[in-house]
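Protein chains: 2
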Amino acid sequence: MSTRGQPDTESTDDTTDPGSTGSTGSTGSTGSGPTVAETGEFGLIRAITRRLPVGADVLLGPGDDAAVVAAPDGRVVVTTDLLVEGRHFRRDWSSAYDTGRKAAAQNLADVAAMGARPTALVVGFAAPGELPVAWAEQLADGLRDECALVGASVAGGDVSSAAGIVLGITALGDLAGRAPIRRDGARPGDRVVLAGRIGWAEAGLALLRAAELPPEILRAHAEVVDAHRRPHPPYALGPLLAAAGAHAMCDVSDGLLADLGHVAAASAVWIDIDPTALPVPGPIRDAAAVLGADPLTWVLTGGDDHALVACLAPTALLPAGCVVIGRVLAAPTHVGPDGTRPDDRGAGHGVLVGGLDYRRGTGWDHFRQVT
Amino acid sequence: MSTRGQPDTESTDDTTDPGSTGSTGSTGSTGSGPTVAETGEFGLIRAITRRLPVGADVLLGPGDDAAVVAAPDGRVVVTTDLLVEGRHFRRDWSSAYDTGRKAAAQNLADVAAMGARPTALVVGFAAPGELPVAWAEQLADGLRDECALVGASVAGGDVSSAAGIVLGITALGDLAGRAPIRRDGARPGDRVVLAGRIGWAEAGLALLRAAELPPEILRAHAEVVDAHRRPHPPYALGPLLAAAGAHAMCDVSDGLLADLGHVAAASAVWIDIDPTALPVPGPIRDAAAVLGADPLTWVLTGGDDHALVACLAPTALLPAGCVVIGRVLAAPTHVGPDGTRPDDRGAGHGVLVGGLDYRRGTGWDHFRQVT
Chain A
1 MSTRGQPDTE
11 STDDTTDPGS
21 TGSTGSTGST
31 GSGPTVAETG
41 EFGLIRAITR
51 RLPVGADVLL
61 GPGDDAAVVA
71 APDGRVVVTT
81 DLLVEGRHFR
91 RDWSSAYDTG
101 RKAAAQNLAD
111 VAAMGARPTA
121 LVVGFAAPGE
131 LPVAWAEQLA
141 DGLRDECALV
151 GASVAGGDVS
161 SAAGIVLGIT
171 ALGDLAGRAP
181 IRRDGARPGD
191 RVVLAGRIGW
201 AEAGLALLRA
211 AELPPEILRA
221 HAEVVDAHRR
231 PHPPYALGPL
241 LAAAGAHAMC
251 DVSDGLLADL
261 GHVAAASAVW
271 IDIDPTALPV
281 PGPIRDAAAV
291 LGADPLTWVL
301 TGGDDHALVA
311 CLAPTALLPA
321 GCVVIGRVLA
331 APTHVGPDGT
341 RPDDRGAGHG
351 VLVGGLDYRR
361 GTGWDHFRQV
371 T
Chain B
372 MSTRGQPDTE
382 STDDTTDPGS
392 TGSTGSTGST
402 GSGPTVAETG
412 EFGLIRAITR
422 RLPVGADVLL
432 GPGDDAAVVA
442 APDGRVVVTT
452 DLLVEGRHFR
462 RDWSSAYDTG
472 RKAAAQNLAD
482 VAAMGARPTA
492 LVVGFAAPGE
502 LPVAWAEQLA
512 DGLRDECALV
522 GASVAGGDVS
532 SAAGIVLGIT
542 ALGDLAGRAP
552 IRRDGARPGD
562 RVVLAGRIGW
572 AEAGLALLRA
582 AELPPEILRA
592 HAEVVDAHRR
602 PHPPYALGPL
612 LAAAGAHAMC
622 DVSDGLLADL
632 GHVAAASAVW
642 IDIDPTALPV
652 PGPIRDAAAV
662 LGADPLTWVL
672 TGGDDHALVA
682 CLAPTALLPA
692 GCVVIGRVLA
702 APTHVGPDGT
712 RPDDRGAGHG
722 VLVGGLDYRR
732 GTGWDHFRQV
742 T
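As you go down the protein sequences, you meet chains A and B in turn. If you read the first sequence in this note's numbering, its first letter stands for residue 1, the second for the next number, and so on. If you read the second sequence in this note's numbering, its first letter stands for residue 372, the second for the next number, and so on.
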């Protein structure tokens, strides 16, 4: 874990404990206290790592060239994401704490989606020198608390300077002897099962993007807005669905249709979603009413909630907390109102809604016609 | 491995094979061919992954929520670095290929510095839409070729958009039953051993920074300039030094004195470097002559070559390719020309050069006095 950059300003002064301004605020402001440049690279590392307890799976934590993490299975699940300020998060929309929760969550969910138990994160952190150290500390708190939900911890990392904040998060996990649940195992006849929320983060993002909305509207829809800031992946259901015999699984990061599209393509099957089985909770309907939006579109296409979707044999017993939302087909069975079939393009795989193509924007769109 | 960003432009078109302009050029220009925005996120992923053969340790490669990598030891060594354009690399100084080599090298070296064998990388890649796909392809080639030196491979990754290029590299490794070699195990009486080059990358950077230098000077010192672009860590010597009984080890990423300073602090010892034992090769002396610089300063303080330094018992047998450059002391033994001792500050640990303090800038500086 090198900490060297070409033009980095370094200082060995350790000016820490800057007085956090609260870890769950809804703005990116962290107010007073020293900046990253004032504290220096090694002071920053100390400020962060002192907030990060090392869990049982971390055999050697921060402070060396590399960390050592338990991999009792003899294999390790690994996934990585970059989060770039202004692209993946905004400091005026999400607190440092929530950014840490979300950054951890999206990687831990990827581990769970393989049917594995997350064990550790390593975190690359680049930031401008004027960033308050308190922001980095609250980020660390968010990473720590999200990891704690699954018994994982931050094993190490790297800090450097950049014009904007960048996070590089890598999560590790253990399969406990099970096969990883891939995207390419769905079989015709399988049930499609959803665990966790979908549409919430997209609804929250839509509210935040509606710049003309007064603050009291955002406050009235806080549950939805907060869903953008902090997902709630159903981590425990990943290994449980694997143990239940899932043939395929993924997390919903790009949207239900998009991610099931990846499963369908990898498995060379059709996946038919039953729109009447999809949960569309009241808070999402209410947010949609404010914006004149279609809540089902959010549910079908909104990402960033990190739900899990899995395909299991119809005889499989399902863990509590799952909803059957569709089935896997060898081929489409319906004919659209204009006489075309979903597979007229010859893809040989795809995702259907109510047996028919779902398309946004142009073309016929069965689903939008019936909502 | 989510690929979702809030404002990302996505396309499912796959326009690839853009005609690389050569993989080892010394400029960042990659010329013609489609851009990342034209190819789209998934086309970019395909363009990159098709260049990345999956090695024997990668049990499940790119294309799922996470990869699965062998961890036969039951533990996994993990290290991560962020590389930010303009901070850690410049496209006008380093080719995409060399940037890939260097990004992989600095992480693989961290794994080797624990005494482990690198098994896999995962790579986060963020770039502006106008970046030529060829640049990303050449980066992938560089990652691939550096990994191949140690039998590792790229197991997976993540792509997204950003104003400048950002790389998040995570390396994994296997300890093969050995204890990880930490920084805190150096013991008084140990020999300090160097494997690999030091001072080269710093000399090359100094030449590149000297903006007034004509191109023919850079060409005449190509070996030194290239050392900045692409380090040559002595990977195999990491596990060999571990097997030889190294008590402590680290890679030289921040500079010999700085990194040995971390070893000395963690081990609560003094490390005394013998300046006459340090290699100062002709190309570094020649580069120093051009700039009127002190080559020994580069050797003592220059980073980014990713040599390995280790502390071993004086009776230990050393693998070929190592040089003894100093020894570990319980306390300083020399008195400086002004009558002060190195430990007058009461640190209780530190790095000495020829038995005395080495300080840049102010204060007495034995080492500069004798060179």
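You may find that some hints are simply not true.
[To be verified] Here are a few chain A residues that face chain B, going by a calculated C-beta distance under 7 Å: (1) 67; (2) 74; (3) 87; (4) 111; (5) 161; (6) 183; (7) 215; (8) 250.
[Unchecked claim] Coverage of chain A stretches by chain B, computed from C-beta distances (three or more under 8 Å per stretch; other residues unrestricted): (9) 75-85; (10) 117-131.
[As the list claims (entries may be wrong)] Using C-beta positions, here's what the derived DEER-type ranges look like: (11) A:265 with B:694: 47 to 57 Å; (12) B:581 with A:90: 33 to 43 Å; (13) A:219 with B:500: 44 to 54 Å.
Hints listed in this document are in silico derivations from the structure and should not be mistaken for laboratory results. Virtual Cβ for every residue (Gly too), placed ideally from N, Cα, C.
Comparing the hints with the structure gives:
At a threshold of 7 Å, the smallest CB-CB gap from residue 67 of chain A to chain B is about 5 Å, leaving the interface hint in force. About 6 Å separates the beta-carbon of residue 74 of chain A from the nearest beta-carbon of chain B, less than 7 Å, and the hint is met. Satisfaction of the interface hint for residue 87 of chain A is found here, the shortest Cβ-Cβ separation to chain B being roughly 5 Å, below the 7 Å cut-off. For residue 111 of chain A, the interface hint holds, since its Cβ comes within 7 Å of a Cβ in chain B; the closest pair sits about 6 Å apart.
The criterion of a C-beta within 7 Å of any C-beta in chain B is met by residue 161 of chain A, whose closest approach is roughly 6 Å, and the hint holds. Of the supplied interface hints, the one on residue 183 of chain A holds, with its beta-carbon coming within about 5 Å of a beta-carbon of chain B, less than 7 Å. Annotation: residue 215 of chain A was flagged as interfacial toward chain B, and the flag is violated, the nearest CB pair being 21 Å apart, outside 7 Å. Checking residue 250 of chain A against chain B: minimum C-beta separation of about 5 Å stays under 7 Å; hint holds.
With 9 residues carrying a beta carbon less than 8 Å from a beta carbon of chain B, the stretch 75-85 of chain A meets the three-residue requirement, and the given coverage holds. Three residues within the 8 Å Cβ limit are the bar, and the stretch 117-131 of chain A against chain B gives 6, so the coverage statement holds. About 55 Å separates the C-beta atoms of residue 265 of chain A and residue 694 of chain B, a value consistent with the hinted range of 47 to 57 Å. A C-beta distance of roughly 40 Å is found between residue 581 of chain B and residue 90 of chain A, which places it inside the suggested range of 33 to 43 Å.
For the hinted restraint 44 to 54 Å between residue 219 of chain A and residue 500 of chain B, the CB-CB distance of approximately 36 Å leaves it violated.
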